[in-house]
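Colleague: Chain by chain, the residues:
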Amino acid sequence: MQFLQLVISGISQGCIYGLIALGFVLIYKATETVSFAQGELMMLGAFCGLGVMTFLEYPFWVAVLASIAAMALFGILLERAVIRPILGQPAFSIVMLTIGIGYVLRGLVTTIPGIGTETHTLPVPYKDMAFNLGALTLNAEQLVVIGTTAVLCAALFALFKYSKLGIAMQASSQNQLAAYYMGIPVKPLNGLVWGLASAVAAVAGLLLAPITFVHANMGFIGLKAFPAAVVGGFGSLPGAIVGGLIIGVVESLSGFYLPDGFKDTAAYIVVLVMLMVQPNGLFGERLRKKV
Amino acid sequence: MDSLLSAQNLSVRFGGVLAVNNVSFDVKRGEVFTLIGPNGAGKTTVFNLISRIYTPTTGTIDYQSSQGMLRLTEQPAHKIASLGIARTFQNIELFEHATVLHNLLIGRHTHRQTSLWQDLLFTGTARAAELKAREKAEEVIDFLDLQHHRDSLVAGLPYGVRKVVELGRALCTEPQLLLLDEPSSGLNVEETEDMAFWIQDIQQELGITVLMVEHDMTLVSKVSNRVLAMNQGEVLALGSPREVQTHPGVIEAYLGTIDDVSNLRREAA
Amino acid sequence: MRFIFKTDYAQDIRLAKHGGHVFWYSLLVLCLLAAPWLIDEYWLAQLTFVLIYGIVGLGLMLLAGFTGLFSIGHAAFLGVGAYTQAVLTNMGIPFPIALAMSALLSAAVGLVVGLPALRVKGIYLGIATLSFGFIVEEVFARWEKVTGGNAGIHIKAPDLFGFKVDTADGFYFLCLVLAVLATLAILNLLRSPTGRAFVAIRDSEISAQSMGIQLAYYKTLSFALSAALAGIGGALYAHKLQFISPDQFNIIQSIDLLLMIVVGGLGSVHGAFLGAIFLIVMPQLISLSKDFLPEAIGQAPGLQSVVYGSVLIAFVLFEPMGLYGRWLKVRTYLQIFPFYRRGMFKRQKSFQKSDRLK
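Here the protein sequences line up with chains C, D and U, keeping their order.
Going by the working numbering, the residue at position 174 of the first sequence is 174; the numbering climbs one at a time, nothing skipped.
Going by the working numbering, the residue at position 60 of the second sequence is 60; the numbering climbs one at a time, nothing skipped.
Going by the working numbering, the residue at position 131 of the third sequence is 131; the numbering climbs one at a time, nothing skipped.
Certain hints may be false.
[Unchecked claim] Negatives, chain U to chain D, calculated, CB over 10 Å: (1) 9; (2) 163; (3) 171; (4) 180; (5) 200; (6) 241; (7) 251; (8) 252; (9) 338; (10) 340.
[Unchecked claim] The following label-pair restraints were derived from C-beta to C-beta distances: (11) U:40 - C:220: 34 to 40 Å; (12) C:85 - U:333: 22 to 28 Å; (13) C:120 - U:329: 43 to 49 Å; (14) C:178 - D:24: 53 to 59 Å; (15) U:144 - D:125: 46 to 52 Å; (16) C:131 - U:90: 54 to 60 Å.
[To be verified] Below, simulated DSS-like cross-link-like pairs (lysine-lysine); rule was C-alpha separation at most 27 Å, straight line: (17) D:79 - U:121; (18) D:79 - D:136; (19) U:145 - C:263; (20) D:79 - D:28; (21) C:127 - C:263; (22) U:164 - U:240; (23) U:156 - U:145; (24) U:17 - U:329; (25) D:136 - U:6; (26) U:145 - D:136; (27) U:6 - D:132; (28) U:329 - U:6; (29) D:132 - U:145.
For the record, the hints were derived by calculation from the structure and aren't laboratory data.
We put the CB at the ideal spot given by N, CA and C, even for glycine.
So here's chain C without its partners, still in its complex pose:
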């Protein structure tokens, strides 16, 4: 029973990693840039929700929708202001830029007088609810995480497989110049992708808030989402979720069964093993340059 309990808690944590990883992979699939700012965007989304609920005193659902919308808009603006000018630069520079964005966001939130440096609780309606299934105790928070992730994934899958938008995004990520020639509005598309990724980050933040509380250093969880994206294969959306789940479960189990210290490094050991065994991840593409 303990085992199953651990697995469920691992799946729930893994879903969070998966959602953040999903954000990375969305941006990577569409623009081939790696964004280290996803964690901080998630943190910002959680603070948005907090702000709407505790200061504007709106109900939970309004806060959720408002945060998602606000973050989506923020993502689009961010792309327009900061990311667009540097497209074409080597990948490394873009990574450093997103790290810089993360720093700035974290610093700005910490600067907000009174709120920034404190830890807050997000008053969600399903807080402290739990179900008992035989000997298992299922936290409502964990169930909401798992459920929301499943719904979101289905929606994104449909978007990419069946809509013109999805195909356009993939095209522009592989060869931007050719995409321009084909009449694909590459720049607005990139903005849209960033908006989408930020919205996903906001959802992740709101889901995570009841579990870890809302504080400025929430974003560091984003670092664990990278192994998730890599394990799944960096260009694959289902891979991001699967990778997240694997990391989450391994982490949860190793925290209990293995000695101290393995819980924190479990994610990283898994990713190293994966890179040795299957360098492109579970669902990644094995592309090679044709000369």
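Add chains D and U to chain C, keeping to what the hints say.
Modeller: Below, chains D and U alone, put in the same frame as chain C:
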């Protein structure tokens, strides 16, 4: 003339695609041997098999190196240059953020004489080796008239010049066998004529055997000793340029049959 | 304007290309030698840190700037060097031997970290090195018998076979000598076949291979050399601070190192030192300006984060060639005045091409 390189029954399969199917040919020492064929015929794939970027599914390649007959298909990719085989690439693969001279000096890598420690301390031996490498690179610069561009960054150079730099880099390795992948693609008439002269000089003055892939038939007729025509991964014809160009199978591959042509004709209004 | 007429191949091989170089760099060396007598103790300590970070920066520049392999966990090598030096010095082993051991052990760890590099590229390699960084940090914290765990350890002063270097001035000279040697080693590498092989791997792996460069050997070598330099820097760092603990070698430190080489100028030796100067001077500037800023901004806890992030963003957006690049532009402007044209250094606008197909 003996056989320098001999490919036997080469086949390579990528997933479901049979890119090269049972191709055999041999390149005699001192000749210019050209592969022709429509796009997708598998010519560059054959090059990549010789450079060991790909491994053949079946078949072997034998090569007469200075150490005797070698099975090339058993050698790792980075050994090919030291065996005396150099190549240029279809879509130029130069070192973009380095100068032309730098690129040529990298071509001298197989002739390096210093160890890591000698490099770190830059001993007298390292200095002498550097000067020697520079002299050799300068010989190639003279041969190809690249003096004007010696210190320019490759990234800013026009396409024609970059093709010549690629050729120069390959020559710096002092090869026995030079693989040229579409040397005249993207070049204008003048530049193609220069290329023709250089290929002839490479063969006659430097004594290097040339294996090339080409589309420009004028260039092919001018410089080649023998031509191999390929289509859809298979050998169509082998012989002198004139023989291959008049081979019916080759004409069909390039132009289509009489039926295809007649379908293109429009009825008078 | 300066025209350099070349009459000899050796001119291109020489490190100092013309009289001006010789003059200015000699002046720099003289100033550095006279520093203990010219500046006060606090700033001498900062200068020592600049030299230490410069050495580490040289290593990271070699790896990321010249070989194109990105290491997001570089602080791990710093830590290995620091802890090895700490443990060995506390056991009484003389400084030069302990330093050599630190460098060797860091190089060995570098070799291990470099193994994924042989199979993966780009972001995958970055994540692999990031993972190693976390794992090594955890090892420092858990291996309490050797490293003292999270409590950290104190280090005794360097002992050069009986001659104890326990003054700030003495230690400064030690760092200066090592920094100069490291710089010369890297410059020598770059003008020799090994350095050219590294650059070739960065620009085009396939054609590097067809020129006879064995990728596995050179990539591993790059990691090992880079880690060795970081190890040496780490050893000096340990002596300077006289106390180290695992949280000094975490992801934040790794990102600081990357920040250093990006701001300094990727792909140049000068960039390592300019970046080190930036890294040390920036916090000082922030503290100094706190007095001039309004209360709300100056005392904000997130100020350092915001400034660091903004500077990083600004450099990537406006000065991708880093501080060294900006210096080059200024120097060119002065050298060819009034013929300088706007856009002389402008990169050709390029479109994003898939990295996966590189």
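Colleague: Now tell me, hint by hint, if it's right for this structure.
Modeller: Here is how each hint holds up against the structure:
1. 9: 5 Å, violated
2. 163: Since the minimum Cβ distance to chain D is about 25 Å, residue 163 of chain U lies beyond 10 Å and the statement holds.
3. 171: Consistent with the label, residue 171 of chain U stays out of reach of chain D, its closest Cβ about 25 Å off (over 10 Å).
4. 180: 14 Å, holds
5. 200: 5 Å, violated
6. 241: 29 Å, holds
7. 251: 29 Å, holds
8. 252: Given that every Cβ of chain D is farther than 10 Å from that of residue 252 of chain U, nearest at about 30 Å, it holds.
9. 338: For residue 338 of chain U, whose nearest Cβ neighbour in chain D is about 23 Å away, the distance exceeds 10 Å, so it holds.
10. 340: 18 Å, holds
11. U:40 - C:220: 34 to 40 Å: 38 Å, holds
12. C:85 - U:333: 22 to 28 Å: 23 Å, holds
13. C:120 - U:329: 43 to 49 Å: Hint holds: Cβ distance 47 Å, inside 43 to 49 Å.
14. C:178 - D:24: 53 to 59 Å: 38 Å, violated
15. U:144 - D:125: 46 to 52 Å: Holds: the Cβ-Cβ distance is about 49 Å, inside 46 to 52 Å.
16. C:131 - U:90: 54 to 60 Å: 56 Å, holds
17. D:79 - U:121: Since the Cα atoms of residue 79 of chain D and residue 121 of chain U sit roughly 22 Å apart, the hinted pair holds (cutoff 27 Å).
18. D:79 - D:136: Holds - the C-alpha atoms of residue 136 of chain D and residue 79 of chain D are around 21 Å apart, at most 27 Å.
19. U:145 - C:263: 21 Å, holds
20. D:79 - D:28: The hint holds at about 22 Å.
21. C:127 - C:263: It holds: about 26 Å lies between the C-alpha atoms, which stays within 27 Å.
22. U:164 - U:240: Distance of about 14 Å is within 27 Å: holds.
23. U:156 - U:145: 18 Å, holds
24. U:17 - U:329: Status holds; Cα separation ~19 Å.
25. D:136 - U:6: With Cα atoms ~18 Å apart, residue 136 of chain D and residue 6 of chain U stay inside 27 Å; holds.
26. U:145 - D:136: 58 Å, violated
27. U:6 - D:132: The hint holds at about 17 Å.
28. U:329 - U:6: 24 Å, holds
29. D:132 - U:145: Since the Cα atoms of residue 132 of chain D and residue 145 of chain U sit roughly 55 Å apart, the hinted pair is violated (cutoff 27 Å).
Checked against the numbered hints above, the structure breaks hints 1, 5, 14, 26 and 29 and satisfies the rest.
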